[in-house]
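Student: The primary structure of each chain is shown beneath.
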Amino acid sequence: MGLETAFGHSYLTTRLDEAVNWARKYSFFNYPFVTACCGMEFMSTFASTYDISRFGAEYPRFSPRQADVLFVVGTVNEKLAPVLKRVYDQMCEPKWVVSFGVCATSGGFYDNYATVQGIDKIIPVDIYIPGCPPRPEAVLDGLIKLQQKVSKESVLDRKYR
Amino acid sequence: MNSYLLETIRTKFPDAVLETHAFRGDETAVIRKEALAGVASFLKAELGFDFLMDLTAADYLPRDPRFELVCHFYSSKHNYRLRLKCPVYSDDATVVSLTPLWAGANWFEREVYDMFGIKFEGHPDLRRILMYDGFEGHPLRKDYPLKKRQPRIPHRE
Amino acid sequence: MTESKRTELPKNWDLEKLEDGRLLLNMGPSHPAMHGIVRVLLTVQGERVVNSDVEIGYLHRGFEKTCENVTYNQCVPYTDRLNYVSPFINNVGYALAVEKLMGIETPSRCQYIRVIMSEISRITDHLTCIGANAMELSAFTVYFYLINAREALYRLGDSAAGGRITPAYTRVGGLTRDLPDDFKTNAAEAFKTVRKNLSDSDKMLTRNRIFYDRLHNTGHISKEDAISYSFTGPALRSTGVPLDVRKATPYLVYDRFDFDIPVGSNGDNYDRYLVRMGEIHQSMRIVEQALAQLPDGPVNHPDFNVILPPKEEVYGNIEALMAHFKLTFEGVKPPKGEVYQAVEGGNGELGFYIVSDGTGKPWRLRVRPPCFALTGALSQMIKGGYIADIVSTFGQINMIGGELER
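Chains as they are written, first to last, in our numbering: chain G, 1 to 161; chain C, 1 to 157; chain R, 1 to 406.
Okay, chain G solo, but in the shape it has when bound:
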């Protein structure tokens, strides 16, 4: 798409990757799609005791167009599913999705007429954080996993739409 495609798989591209990924992974702007109980742990993680800003991800953007990471925090039911899809579609590339808690991951112990059995039925997911709700330590671990994933990406790989 941009200039980087002209270089191909070369020394210049890998150097560029490193610089771009370094910048991306330490400055996530996240969109908290908070619905349920997990929101309480989400609040704890963002507050003073656990302090997610140590990892450069403390700044929530409540406009999907300004966000890189979509945190889906809590149960998503059939009524909310179109809204989640719409929020995801509104986000610009590059974007990542974190499924926070077991309800977002697989529906959890809510297996009935109302709930969606995991948000991956609606949108693609990058990182799953288990727990009902996950403790803040688990959230930080998930964030570090996402940073590791981002650092392995190549500017050539991502399909810009």
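It is worth saying that the hints were derived from the structure and are not from the lab.
Everything numeric in this text was worked out from a predicted model, so none of it was measured.
Cβ coordinates follow ideal geometry from the N, Cα and C atoms, glycine included.
Relax, there's no trap hidden among the hints.
The following label-pair restraints were derived from C-beta to C-beta distances: (1) C:Arg63 - R:Phe140: 55 to 61 Å; (2) C:Asp125 - R:Gly21: 24 to 30 Å; (3) C:Arg63 - R:Glu47: 51 to 57 Å; (4) R:Asp202 - G:Tyr26: 33 to 39 Å; (5) C:Asp92 - R:His216: 48 to 54 Å; (6) R:Ala388 - C:Glu7: 52 to 58 Å; (7) C:Leu61 - R:Glu105: 30 to 36 Å; (8) G:Glu58 - R:Glu189: 25 to 31 Å; (9) C:Pro154 - G:Leu12: 41 to 47 Å; (10) R:Arg209 - G:Tyr26: 35 to 41 Å; (11) R:Lys247 - G:Glu58: 39 to 45 Å; (12) C:Pro154 - G:Ser48: 40 to 46 Å.
The list that follows gives simulated cross-link-like pairs (lysine-lysine, BS3-like), each with its CA atoms no further than 27 Å apart: (13) R:Lys361 - C:Lys147; (14) C:Lys142 - R:Lys336; (15) C:Lys147 - G:Lys121; (16) C:Lys147 - R:Lys333; (17) R:Lys333 - C:Lys142; (18) R:Lys247 - C:Lys77.
Please arrange chains C and R on chain G, whose structure you already have, making use of the hints.
Tutor: Here is chains C and R on its own, set in the frame of chain G:
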């Protein structure tokens, strides 16, 4: 061992009251659904029951008066609780609305309509509240399968 | 036909101009101040709200239907997730309802512990409500202070129940475990943190001009309307009605403690804030009295038909082994009947209505969610006010999705 309260309702509405009992201290009057509005306004005006604490229903499939509307009243003056129940037949699942008496009944009745399909006469705005437009059936009915999903958007894979 | 109706996005998703200069404005469900799950469709004239339609159901997850399909004790983890800001109160309310149905009473130590955990939950509930509300009104420091206090209490609850937010602490007829040995000292330590953070927040908020102006005389509701809308809890008490289930119909051992019920007079957001601040102090008083009076003894009901026998008994005694087997597979079996049990939740009267058909699973389990009634009146409370005031009103209603929509 009927209390003063249940006795009062019995004497005031001899035709409407089907049964009264007090299981574990919860005083209950089972009344005909036609008399619900009358009994409720009597409770509110004469007996000091100023709170409609809860309004819900239960499905007793396969029993014949299939549904039962359950109202819990509370009197803050006398610190007293009362439960009113009305049997509702499934072929005539319509009950009079309590919204003119208690504004809070509005949403409770919408939820009962959504979950059980009982209609309320005189309700200002009877729509689904928890489920969405186009959802078929009423989930809390016993014949609605637990896992019958009706997705709004197609799922991936 | 229905298929297409179901798949479309909700109506009025975009801004729409009506005649005579009014606008149709959609707020939520994915809106930071709507806590992610409530949609308010506003008709506005300039900055003023003319009319509104509150739409809920975005977190409906079939609690009541699910509970009809599991045994009584398996319902306990589901009750955690009703009001997830004060999970212990839900646990206690549910356990009390089933115990009332069975006609049993738990030992006195168990009752004291239930009171202690309920009150700790009430504090976390109010701290979260005030902290989140302050954050939404851009007092970010207060949010950090109060979440810090909440962390101390979460650690306390964690040490007793093994879970920060979803403890599932009670069982029918008892508790999962006794309090840890160092609970008293830890509680005193935690309350020191809470008091410190609370007094700091109090200094920053209560007489703060901006905060006061945002809350005072917004979201007003009269005493009569509040009663008509079935308000309970802090929202009702802010209008001047001193109704509290803990005083009116004391359950557990609440009649043994000395505490006050903070009451407002105006019925606006500021009074609700003051009532909550007052209640936090009263709850700490209750916990301290309860810890001082805490008796020794067992925490579980002695009958093995109600509660799982201890493991030593199961391995050494055939009766206990059978009881363990039966309880695990079939669950406790209350007699036929129905009960309604109310407890004072964080937002008001939390009622459990249980119908039993004599088997191990509830025939019908209904929760009377306190904030359902409050959110039902939201439309009236924001009418005529500014759009910006919706944030403070909605925050002070303390809508909790899990409880509202179950």
